[in-house]
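S.K.: In case you want the letters, here they are:
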Amino acid sequence: MTSQPTSPVPTVALLGTICTILVATVWVLAQPAIQRAQAQHLEQQLTEVMAGIRFDNNISRDSIRIDSIHGPITVYRARQNGDPVATIYEATTMRGYSGAIRLLVGIDRDHEITGVRILSHRETPGLGDSIEISKSDWITGFNSLSLDKLTSENWQVKKDGGQFDQFTGATITPRAMVNVVHDILKRHRSAGDVVFQ
Amino acid sequence: MPNLQTSTTANADSGTQTSTADTPHGLNIWVDGLWRNNAGTVQLLGLCPLLAVSNSVANAFVLGLATLATLLVSNLLVSLIRDRLQAQNRILLYVLIIATTVTIVDIVLQALMPAMHMTLGLFIPLIVTNCMIVGRAEIFASRNPMSASVIDALATGLGFLILLCLIGGIREFAGVNGLLIALLPPGAFFALALILVAKNLIDK
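In order, the protein sequences belong to chains A and B. Residues in the first sequence are numbered from 6 upward in steps of one, following my numbering. Residues in the second sequence are numbered from 3 upward in steps of one, following my numbering.
Incorrect hints may have been included.
Some but not every residue of chain A turned toward chain B, in silico, with C-beta under 8 Å [claimed, not checked]:
id: 1; residue: PRO13
id: 2; residue: VAL17
id: 3; residue: LEU20
id: 4; residue: THR22
id: 5; residue: CYS24
id: 6; residue: LEU27
id: 7; residue: VAL31
id: 8; residue: ALA35
id: 9; residue: ALA38
id: 10; residue: ILE39
id: 11; residue: ALA42
id: 12; residue: ARG127
id: 13; residue: PRO130
For each label pair, taking beta carbons as the anchor points, the in silico distance ranges come out as [as the list claims (entries may be wrong)]:
id: 14; chain 1: A; residue 1: THR52; chain 2: B; residue 2: LEU94; range: 41 to 51 Å
id: 15; chain 1: A; residue 1: ILE71; chain 2: B; residue 2: PHE175; range: 45 to 55 Å
id: 16; chain 1: A; residue 1: GLN43; chain 2: B; residue 2: PRO147; range: 39 to 49 Å
id: 17; chain 1: B; residue 1: LEU182; chain 2: A; residue 2: SER125; range: 22 to 32 Å
id: 18; chain 1: A; residue 1: ALA38; chain 2: B; residue 2: LYS206; range: 46 to 56 Å
id: 19; chain 1: A; residue 1: GLY87; chain 2: B; residue 2: LEU182; range: 48 to 58 Å
id: 20; chain 1: B; residue 1: LEU78; chain 2: A; residue 2: ASP165; range: 46 to 56 Å
id: 21; chain 1: A; residue 1: THR173; chain 2: B; residue 2: VAL97; range: 29 to 39 Å
id: 22; chain 1: A; residue 1: LEU27; chain 2: B; residue 2: ASN202; range: 39 to 49 Å
id: 23; chain 1: B; residue 1: MET115; chain 2: A; residue 2: LEU19; range: 56 to 66 Å
id: 24; chain 1: A; residue 1: LYS164; chain 2: B; residue 2: GLN90; range: 21 to 31 Å
id: 25; chain 1: B; residue 1: ILE183; chain 2: A; residue 2: THR52; range: 28 to 38 Å
id: 26; chain 1: A; residue 1: ILE23; chain 2: B; residue 2: PRO26; range: 26 to 36 Å
id: 27; chain 1: B; residue 1: PRO188; chain 2: A; residue 2: ALA38; range: 13 to 23 Å
Source of the hints: derived by calculation from the structure; they are not laboratory data. Every residue gets a Cβ at the ideal spot worked out from N, C-alpha and C, and that includes glycine.
Model the full assembly from the supplied sequences, consistent with the hints where possible.
M.R.: So, in structure tokens, the structure goes:
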């Protein structure tokens with residue numbers, strides 16, 4: 006008969022508490038640096054999305070929040086001499102393969118896409134992460150598209166009858182991207198000039 | 003022939019042994035970790051990050067460093083509480099310690115090197131699944147004093163880090179000089195295979 010061991014619960018509970026406190030502390034301490042890095046990343050992606058458009062305002066400080074089917078989204082406005090030249094939507098889709106994909110969609114005065122860029126995602130490395138511009142130029146396939154240039158049926162991945170390539174072994178990620186960009190274009194059309202207030 | 007004497011499967015121990023008579027000597031630990039029982043070339047552990055992240059020396063180095071840091075903290079803490087380990091809570095405690103360490107490493111990396119953090123992406127959290135960390139905790143740290151466990155962590159971690167950078171160097175050099183397959187997954191397998199052949203030849 007084995008000797009009665011002491012319960013494992015106190016050790017696990019104690020260690021669990023210590024670990025939780027440790028992680029929480031590090032997280033709080035790291036927030037300033039992380040926020041700064043994220044703000045910098047946002048600026049950089051905003052600039053990339055605005056490639057080819059002339060503007061003179063500080064886009065990241067010129068934004069409003071509007072509602073959409075994806076929840077409240079932030080809309081950045083680009084202006085030249087006070088006149089609106091483009092809007093950039095910061096959207097989130099939960100229909101990716103893993104967690105939220107946050108992205109920027111730039112739309113000019115002709116309702117055409119100036120560019121789409123990923124802010125953050127957790128898609129599979131080597132498969133879904135081809136939506137990143139650093140991994141492949143797939144995302145440039147959205148450039149200068151609009152609701153007029155492409156019918157609803159064509160706003161799908163090829164597998165679903167549309168014109169956008171899916172990735173070998175990863176359909177869910179590009180499909181989520183095509184859907185959210187399409188939704189943003191429709192939201193932009195219904196928003197009208199409200200976005201420039 | 004790989005040294006399979008040090009098995010990595012969890013033993014059904016009913017308790018821990020902390021007899022210092024069994025503790026390996028410092029130099030032995032180093033030789034084991036770096037060469038005789040190298041995590042990547044002999045134990046063949048941690049192959050997922052080894053093959054996926056070794057496409058550049060920079061990525062390989064950072065991931066190797068993160069893995070080394072995790073190993074150090076893990077071995078240290080497991081060795082510290084080795085007298086409180088029991089059959090029922092052993093694995094749970096290892097995972098708790100390793101997961102906490104990796105989470106902290108992930109947060110710190112995100113704060114200090116945001117670009118690298120974005121590049122490595124999910125491979126930092128995946129360090130938790132690296133068998134060699136739980137392996138060293140179970141085989142070594144749970145039965146040996148802190149000083150030896152720290153050396154073991156350093157030796158194993160450095161062995162892995164050097165291997166990572168070596169493969170990274172081979173792939174990056176070959177890729178930059180025209181051999182594109184080196185930068186793709188097959189290149190990683192080939193590079194590791196070549197290193198295994200070389201190591202076995204040297205061992206003869």
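S.K.: Is it true that ILE23 (chain A) and PRO26 (chain B) lie within 26 to 36 Å of each other by Cβ?
M.R.: holds, 30 Å
S.K.: Report holds or violated for the interface hint on PRO130 (chain A), using the least CB-CB distance to chain B and a cut-off of 8 Å.
M.R.: holds, 6 Å
S.K.: Are MET115 (chain B) and LEU19 (chain A) spaced within 56 to 66 Å by their CB atoms?
M.R.: violated, 33 Å
S.K.: Regarding the hint that LEU20 (chain A) lies at the interface with chain B, is the smallest CB-CB distance below 8 Å?
M.R.: holds, 6 Å
S.K.: Do the numbers back the hint for ALA38 (chain A), that is, is its least Cβ distance to chain B under 8 Å?
M.R.: This hint holds: ALA38 (chain A) lies near chain B, its Cβ roughly 4 Å from the closest one there, short of 8 Å.
S.K.: Per the hint of 48 to 58 Å, is the separation of the Cβ atoms of GLY87 (chain A) and LEU182 (chain B) within bounds?
M.R.: holds, 50 Å
S.K.: So does ILE71 (chain A) sit 45 to 55 Å from PHE175 (chain B), Cβ to Cβ?
M.R.: Since ILE71 (chain A) and PHE175 (chain B) have Cβ atoms about 51 Å apart, the given range 45 to 55 Å holds.
S.K.: Let me know if the C-beta of ALA42 (chain A) comes in closer than 8 Å to any C-beta of chain B, holds or violated.
M.R.: holds, 4 Å
S.K.: At a threshold of 8 Å, is the proposed contact between LEU27 (chain A) and chain B supported by beta-carbon distances?
M.R.: holds, 6 Å
S.K.: Taking the beta carbons of ILE183 (chain B) and THR52 (chain A), is their distance inside 28 to 38 Å?
M.R.: holds, 35 Å
S.K.: Taking the Cβ atom of THR52 (chain A) and the Cβ atom of LEU94 (chain B), is their distance within the range 41 to 51 Å?
M.R.: holds, 48 Å
S.K.: Closer than 8 Å between Cβ atoms is the bar; does ALA35 (chain A) clear it against chain B? Give me holds or violated.
M.R.: With a closest approach of 4 Å, the ALA35 (chain A) hint holds.
Violated hints, in rising order: 4, 23, 24, 27; the structure is consistent with all others.
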